[in-house]
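Keeping the supplied structure of chain A fixed, place chain B upon it in accordance with the hints.
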Amino acid sequence: MKISHKLVLHFPPRIVEQPVINNLIKNYDLSFNILKASIIPNQEGYVVLELSGEQDKYDAGIEYITSAGVKIESLSRSVLRNDERCTGCGACVSVCPSRSFIVEPQTRLVSFDNNRCVACGLCIKACPPRAMEFHF
Amino acid sequence: MAKTIEEINEKIKQGKAVIATAEEIIGIARDKGMSCAAREVDVVTTGTFGPMCSSGAYFNLGHAKPRIKLGGGKATLNDVQAYTGYAAADLLIGANALPDDDPRNRVRPGEFNYGGGHVIEELVAGRDVRLVASAYGTDCYPRKNLDTLININDLNEAVLFNPRNAYQNYNVAVNSSEKMLYTYMGILKPRFANANYCSAGQLSPLLNDPYLKTIGIGTRIFLGGGIGYVVWNGTQHNPEVTRSDNGVPKRGASTLAVIGDLKQMCPRWLRGVSMLGYGATLAVGIGVPIPILSDEILNYTLVSDSDILAPVVDYSSTFPQREPEVLAEVSYADLKSGSFKLNGKDVATASLSSYSRAAEIAVTLKEWLQQGKFLLTQPVKPLPSIGDSIVSKVLNERS
Numbered sequence: 134m135k136i137s138h139k140l141v142l143h144f145p146p147r148i149v150e151q152p153v154i155n156n157l158i159k160n161y162d163l164s165f166n167i168l169k170a171s172i173i174p175n176q177e178g179y180v181v182l183e184l185s186g187e188q189d190k191y192d193a194g195i196e197y198i199t200s201a202g203v204k205i206e207s208l209s210r211s212v213l214r215n216d217e218r219c220t221g222c223g224a225c226v227s228v229c230p231s232r233s234f235i236v237e238p239q240t241r242l243v244s245f246d247n248n249r250c251v252a253c254g255l256c257i258k259a260c261p262p263r264a265m266e267f268h269f
Numbered sequence: 009m010a011k012t013i014e015e016i017n018e019k020i021k022q023g024k025a026v027i028a029t030a031e032e033i034i035g036i037a038r039d040k041g042m043s044c045a046a047r048e049v050d051v052v053t054t055g056t057f058g059p060m061c062s063s064g065a066y067f068n069l070g071h072a073k074p075r076i077k078l079g080g081g082k083a084t085l086n087d088v089q090a091y092t093g094y095a096a097a098d099l100l101i102g103a104n105a106l107p108d109d110d111p112r113n114r115v116r117p118g119e120f121n122y123g124g125g126h127v128i129e130e131l132v133a134g135r136d137v138r139l140v141a142s143a144y145g146t147d148c149y150p151r152k153n154l155d156t157l158i159n160i161n162d163l164n165e166a167v168l169f170n171p172r173n174a175y176q177n178y179n180v181a182v183n184s185s186e187k188m189l190y191t192y193m194g195i196l197k198p199r200f201a202n203a204n205y206c207s208a209g210q211l212s213p214l215l216n217d218p219y220l221k222t223i224g225i226g227t228r229i230f231l232g233g234g235i236g237y238v239v240w241n242g243t244q245h246n247p248e249v250t251r252s253d254n255g256v257p258k259r260g261a262s263t264l265a266v267i268g269d270l271k272q273m274c275p276r277w278l279r280g281v282s283m284l285g286y287g288a289t290l291a292v293g294i295g296v297p298i299p300i301l302s303d304e305i306l307n308y309t310l311v312s313d314s315d316i317l318a319p320v321v322d323y324s325s326t327f328p329q330r331e332p333e334v335l336a337e338v339s340y341a342d343l344k345s346g347s348f349k350l351n352g353k354d355v356a357t358a359s360l361s362s363y364s365r366a367a368e369i370a371v372t373l374k375e376w377l378q379q380g381k382f383l384l385t386q387p388v389k390p391l392p393s394i395g396d397s398i399v400s401k402v403l404n405e406r407s
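Residue numbers (this note's numbering), protein chains in the order written: chain A, 134 to 269; chain B, 9 to 407.
Next up, chain A with everything else stripped away, as it sits in the complex:
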């Protein structure tokens, strides 16, 4: 499965001059699109990029740059539901601006459509049993 994520890579001074991104692209068959970057020799640098590729290669590539000393932050966060904590009350339904929660009319079970979710996080604090969580 091909995936794509927007990441912020922080380069500490000691590796700013190493070809980390070149290795990442060449050895892990990933493609990238640099959105923003600032790298000055012997100083800290950062790159904001969108990195895409097959899931297993992506994971291996992330492991490589992490072990090389690059600190990674995700630009995208997603909201997940902890189904064990959810009681299906539906308090989330009217606070969600993107209508990601749907109450099934017959069973009154509340479904959460991750694809509609814009990760604003309003449901997280509104959920009485605290079943909604941010994941990065």
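Simulated from the structure, these hints should not be mistaken for lab results. This one's a predicted model, so the numbers in the text were calculated from it and none came from an experiment. Misleading hints may appear alongside valid ones.
[Said to hold, decoys possible] Computed list of lysine to any residue pairs in SDA-like fashion (alpha-carbon distance at most 25 Å, straight line):
id, chain 1, residue 1, chain 2, residue 2
1, B, Lys11, B, Glu375
2, A, Lys258, B, Arg116
3, B, Lys349, A, Thr240
4, B, Lys349, A, Ala170
5, B, Lys344, A, Ile148
6, B, Lys344, A, Glu206
7, B, Lys197, A, Phe245
8, B, Lys197, A, Cys253
9, B, Lys197, B, Pro117
10, B, Lys344, A, Arg218
11, B, Lys353, A, Ile235
12, B, Lys11, B, Arg330
13, A, Lys190, A, Glu206
14, B, Lys344, A, Ser244
15, A, Lys258, B, Lys258
16, B, Lys73, B, Arg138
17, B, Lys344, B, Asp315
18, A, Lys258, B, Ser185
19, B, Lys187, B, Glu333
20, B, Lys258, B, Gly285
21, B, Lys344, B, Met188
22, A, Lys258, B, Val371
23, A, Lys258, B, Pro111
24, B, Lys344, A, Thr240
25, A, Lys258, B, Ser347
26, A, Lys159, A, Ala170
This is chain B only, laid out in the frame that chain A set:
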């Protein structure tokens, strides 16, 4: 046609009792007719699962060596304040209790992520809870400090005792103001943008027996996943409210005080919950069996969401100022449709009470009855009803 509780219990023991949930009975009576349904069906099961703030539990810890007198001292469970006004080894915790270091609403809206309801959930889940206590020391109880883990399995008694649960109908909360409100009825957006309600409607125990003809002191119930009992009317119990022609109250009316052994309950049905900007509390699962003793009692259980009206109340002014104004009445059928019209404007609805879990309780209770695991009880005393001179009082402040 008239049945007695003894006759129904005999059928339950033989596995011959016919049980229907409060949802199913509506269809059965429609298909077979009222009298036939009343003859055939022995028990209708109900259910509700929602935040019920007037809930709590008491424990006997067993005596420490050397002994410590908690009564009159101070105690916390996982940092949450417990009440120490009883004897040396007895402790009570309320669902709304908070840790001393919780910031409350210092930065609004406070999150209230952990409180008494969560402590009760953790105990029921079998997790260790930290008890820290201090006392003044006496000749017979010399100890002054205690810091230990406790577990529900090691307590002598652990009893859920809720002074007010299972409200018969409740307010629908809206907000007419220009600012967001954070209430015990959830987040209310400005200018009537949403409405929150909190009742299982047609499945709710007391809405299926509006005059409490079968529910009284001693009624055995599903409580928190185990077996419990009605011990009294709940606080604020008020049968003297306006009712529809079918007898169903159009306002919050009767309530139940319930009790049960916490050790046989489970965290699926006792869940610590947090109301943003308001506090921590406990969601409680309750199911009440209604014996179909007559056509009249069957008729009450046929109530459906479209027959039950709830009052729409403005939580920006009317509620906090204790004004009596009700903006409108709306049926649970309309509330469950996702929106209803208020002064010509569509208002989006959401529920704080879990209907899917309420249905699960009604089905569970039905299975217990079918398996002969649960027998009905004859109440030892009815709860106060219409004409019993119940007057809902307000606090008159004086000096």
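Right, here's what the structure says about each hint:
1. B:Lys11 to B:Glu375: Status holds; Cα separation ~21 Å.
2. A:Lys258 to B:Arg116: 12 Å, holds
3. B:Lys349 to A:Thr240: 24 Å, holds
4. B:Lys349 to A:Ala170: Roughly 52 Å between the alpha carbons, so the hint for Lys349 (chain B) and Ala170 (chain A) is violated.
5. B:Lys344 to A:Ile148: Violated: Lys344 (chain B) and Ile148 (chain A) sit about 59 Å apart, past 25 Å.
6. B:Lys344 to A:Glu206: Not OK: Lys344 (chain B) and Glu206 (chain A) at ~42 Å, beyond 25 Å, violated.
7. B:Lys197 to A:Phe245: 21 Å, holds
8. B:Lys197 to A:Cys253: With Cα atoms ~16 Å apart, Lys197 (chain B) and Cys253 (chain A) stay inside 25 Å; holds.
9. B:Lys197 to B:Pro117: OK: Lys197 (chain B) and Pro117 (chain B) at ~14 Å, within 25 Å.
10. B:Lys344 to A:Arg218: 23 Å, holds
11. B:Lys353 to A:Ile235: 21 Å, holds
12. B:Lys11 to B:Arg330: Not satisfied, since the Cα-Cα distance of roughly 45 Å exceeds 25 Å.
13. A:Lys190 to A:Glu206: 18 Å, holds
14. B:Lys344 to A:Ser244: Roughly 15 Å between the alpha carbons, so the hint for Lys344 (chain B) and Ser244 (chain A) holds.
15. A:Lys258 to B:Lys258: Judged against 25 Å, a Cα distance of about 31 Å means the pair is violated.
16. B:Lys73 to B:Arg138: 18 Å, holds
17. B:Lys344 to B:Asp315: 13 Å, holds
18. A:Lys258 to B:Ser185: 21 Å, holds
19. B:Lys187 to B:Glu333: The given pair, whose Cα atoms are some 20 Å apart, holds under the 25 Å limit.
20. B:Lys258 to B:Gly285: 28 Å, violated
21. B:Lys344 to B:Met188: Cα-Cα ~23 Å, so holds.
22. A:Lys258 to B:Val371: Answer violated: Lys258 (chain A) to Val371 (chain B) is near 31 Å, above 25 Å.
23. A:Lys258 to B:Pro111: Answer holds: Lys258 (chain A) to Pro111 (chain B) is near 16 Å, not above 25 Å.
24. B:Lys344 to A:Thr240: 11 Å, holds
25. A:Lys258 to B:Ser347: Holds, at roughly 23 Å.
26. A:Lys159 to A:Ala170: 20 Å, holds
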